[in-house]
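*Asks:* The residues making up each chain are set out below.
There are 2 protein chains.
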Amino acid sequence: MISIILGGAGFVGTNLIGRLIQEGQTVVVLDNFSRGQKEYSSRFIKSNNFHIFECEASSFDNLHNSFSLVAKLGGIDEVWHLAANSDIPAGVNDPCVDFKDTFLTTFELLRVMKIFEIKKVHFASSSAIYGNLGDITLHESVGPLLPISNYGAMKLASEGLISAAAESFLNKANIFRFPNVVGVPATHGVLLDFIMKLKKNPSRLDVLGDGTQQKAYLHVSDLVDAMLVVSKRADAAKVEVINIGPVDEGVTVDWISRQVVKRVSPDAKILFGTGNRGWVGDVPKFTYSTEKLQSYGWKPELNSADAIKCAIDEIALQFGK
Amino acid sequence: MISIILGGAGFVGTNLIGRLIQEGQTVVVLDNFSRGQKEYSSRFIKSNNFHIFECEASSFDNLHNSFSLVAKLGGIDEVWHLAANSDIPAGVNDPCVDFKDTFLTTFELLRVMKIFEIKKVHFASSSAIYGNLGDITLHESVGPLLPISNYGAMKLASEGLISAAAESFLNKANIFRFPNVVGVPATHGVLLDFIMKLKKNPSRLDVLGDGTQQKAYLHVSDLVDAMLVVSKRADAAKVEVINIGPVDEGVTVDWISRQVVKRVSPDAKILFGTGNRGWVGDVPKFTYSTEKLQSYGWKPELNSADAIKCAIDEIALQFGK
Numbered sequence: 001m002i003s004i005i006l007g008g009a010g011f012v013g014t015n016l017i018g019r020l021i022q023e024g025q026t027v028v029v030l031d032n033f034s035r036g037q038k039e040y041s042s043r044f045i046k047s048n049n050f051h052i053f054e055c056e057a058s059s060f061d062n063l064h065n066s067f068s069l070v071a072k073l074g075g076i077d078e079v080w081h082l083a084a085n086s087d088i089p090a091g092v093n094d095p096c097v098d099f100k101d102t103f104l105t106t107f108e109l110l111r112v113m114k115i116f117e118i119k120k121v122h123f124a125s126s127s128a129i130y131g132n133l134g135d136i137t138l139h140e141s142v143g144p145l146l147p148i149s150n151y152g153a154m155k156l157a158s159e160g161l162i163s164a165a166a167e168s169f170l171n172k173a174n175i176f177r178f179p180n181v182v183g184v185p186a187t188h189g190v191l192l193d194f195i196m197k198l199k200k201n202p203s204r205l206d207v208l209g210d211g212t213q214q215k216a217y218l219h220v221s222d223l224v225d226a227m228l229v230v231s232k233r234a235d236a237a238k239v240e241v242i243n244i245g246p247v248d249e250g251v252t253v254d255w256i257s258r259q260v261v262k263r264v265s266p267d268a269k270i271l272f273g274t275g276n277r278g279w280v281g282d283v284p285k286f287t288y289s290t291e292k293l294q295s296y297g298w299k300p301e302l303n304s305a306d307a308i309k310c311a312i313d314e315i316a317l318q319f320g321k
Numbered sequence: 001m002i003s004i005i006l007g008g009a010g011f012v013g014t015n016l017i018g019r020l021i022q023e024g025q026t027v028v029v030l031d032n033f034s035r036g037q038k039e040y041s042s043r044f045i046k047s048n049n050f051h052i053f054e055c056e057a058s059s060f061d062n063l064h065n066s067f068s069l070v071a072k073l074g075g076i077d078e079v080w081h082l083a084a085n086s087d088i089p090a091g092v093n094d095p096c097v098d099f100k101d102t103f104l105t106t107f108e109l110l111r112v113m114k115i116f117e118i119k120k121v122h123f124a125s126s127s128a129i130y131g132n133l134g135d136i137t138l139h140e141s142v143g144p145l146l147p148i149s150n151y152g153a154m155k156l157a158s159e160g161l162i163s164a165a166a167e168s169f170l171n172k173a174n175i176f177r178f179p180n181v182v183g184v185p186a187t188h189g190v191l192l193d194f195i196m197k198l199k200k201n202p203s204r205l206d207v208l209g210d211g212t213q214q215k216a217y218l219h220v221s222d223l224v225d226a227m228l229v230v231s232k233r234a235d236a237a238k239v240e241v242i243n244i245g246p247v248d249e250g251v252t253v254d255w256i257s258r259q260v261v262k263r264v265s266p267d268a269k270i271l272f273g274t275g276n277r278g279w280v281g282d283v284p285k286f287t288y289s290t291e292k293l294q295s296y297g298w299k300p301e302l303n304s305a306d307a308i309k310c311a312i313d314e315i316a317l318q319f320g321k
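Chains A and B supply the protein sequences, listed in that same order. In terms of the working numbering, the first sequence opens at residue 1 and continues consecutively. In terms of the working numbering, the second sequence opens at residue 1 and continues consecutively.
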């Protein structure tokens, strides 16, 4: 049986491919290569169980054609839907970005899955759907869900569409609410941003905001592991909504900036901005509950601090530092 | 200052017009007249404070042109966004219905409001965003929000978009989660459905489902009143999310069918279907909390039973019975 990874040439998808092949599945990646790159998965390309095709998932016709092509290779068992915009600030300035890349990809995917009678989907949602609930601990049963970015809004919209589809034709949907995830191949995020800045100017690092923003981070290897553990639970709900993240309370941007400087450019001066938000749509501090995931017996190998340290090293190497 | 009612030629909008004019506002209705009708508001047409224009709100260009036209009449203070599909089963069969009429209308409206620097929106959301949470009481702070219809999904998506817009350019957003609303001019819903069936065949009434579905109903006059009360609260949150509904637990479809038959065709035989759902996407029974609204000192004039009785009479008269 075939697993399709939509957006599988990106950061998380690239890390998922190997795990699924390891489990004996045939993996087909569909990606528009706007942020993802074919080269990220080049080590799998000789495998008979791996295929990668270009596909613009926000286009029904394009997606339908790609699924027709994949169907010739064998029965399609499930879709891992990881296709989305990953540049949150870009989506705040122009709502059309997340409309097309984060929302339409889900909308058109579900239409095509219905036609091809594919009944199982795993979806990369986000803690951004919670918005800024202040001191309230973000567990899966809180509301109202008031995202403060179009990215969060279109992830929430996608959750809703998947939930409705589970009522009409899906047999199983896993909705994984991702935390901040770090690792390689880095395509976006604070670590890549800092490292690129220091590559350009090794003597100073300008940080958005005052550095007090605190967030929890998960290493991508742990993220993929958690998704696979949850996806194999026989007794899970038909629509399983689950926060994925570390068990700690996270680290500050200040601390992260010092770790990056230490590894990449020890003599650089760090200059902070003002305010506790990096950009409109950035949630300054939140407490993200992973109790449900822990109750399944899962915990991450790396806590936030170790995940960051590990990822800094990996990304520095990715960019030849 | 001008209040725009998007979708204002429909059931709720028609009832809102008079109240806003009464308060001294100039009201401009924009509607595509797909379900709403110009005739519903004909009694206001001689008023200098009322205008009604055709506009397809799912089209950015169309909406932008309409707003340009309205801006020539005066400053636009706020938008009441009531434009949506109201046929939930139609949207279950074809997701494009709610995509266009329920989601795109919100998406394009917010783009246009940003351009015209209009900073206040009142949005008609729905209890359908909660999905089927079983025995859990539906108050505003429960989650996860897993709608079981595309209608509910696209209302949830709209809430998310509005919430994100409040972070970037809106000053104020009221998100009203509507219950089942009854009254005239009836354009959809169980009462209209029953009355039309009896008009066609006065001797029998076929009911979808076994009649045990229980829901709370609000009369449209109470709904409009609640919206106006909430919209005037000075101390409300920037993004105010509020369930609107009666304080009782509702009435069953069985009871409703007997009331309709009694009023419209006393000799008709009532025939029930099987199962406790009328259609895919129908939530059979839920307990909808209006505690928050009650804490604002508001309560409806009519409970569910009285609202239904009143509306049956109004709709029967609307259709000459």
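Some hints could be false.
Put simply, identical chains are the same to the list, so a pair is met inside one copy or across any two.
Claimed, not checked - Quick list of in silico lysine-lysine cross-link-like pairs, DSS-like style, CA-CA up to 30 Å:
(1) Lys-321 - Lys-119
(2) Lys-38 - Lys-120
(3) Lys-172 - Lys-100
(4) Lys-38 - Lys-197
(5) Lys-72 - Lys-197
(6) Lys-321 - Lys-199
(7) Lys-197 - Lys-46
(8) Lys-120 - Lys-100
(9) Lys-46 - Lys-100
(10) Lys-100 - Lys-114
Hints listed in this document are in silico derivations from the structure and should not be mistaken for laboratory results.
*Asks:* All hints, please: hold or fail.
*Replies:* Structure-based check of all given hints:
1. Lys-321 - Lys-119: neither (44 Å within a copy, 48 Å between copies)
2. Lys-38 - Lys-120: The answer is within: 25 Å in one copy meets 30 Å, while 45 Å across copies does not.
3. Lys-172 - Lys-100: both (25 Å within a copy, 26 Å between copies)
4. Lys-38 - Lys-197: within (25 Å within a copy, 59 Å between copies)
5. Lys-72 - Lys-197: neither (46 Å within a copy, 48 Å between copies)
6. Lys-321 - Lys-199: within (9 Å within a copy, 79 Å between copies)
7. Lys-197 - Lys-46: neither (36 Å within a copy, 64 Å between copies)
8. Lys-120 - Lys-100: Intra 23 Å, inter 26 Å, cutoff 30 Å: intra and inter.
9. Lys-46 - Lys-100: So Lys-46 and Lys-100 fail the 30 Å test inside a copy (33 Å) and across (43 Å) alike.
10. Lys-100 - Lys-114: both (20 Å within a copy, 19 Å between copies)
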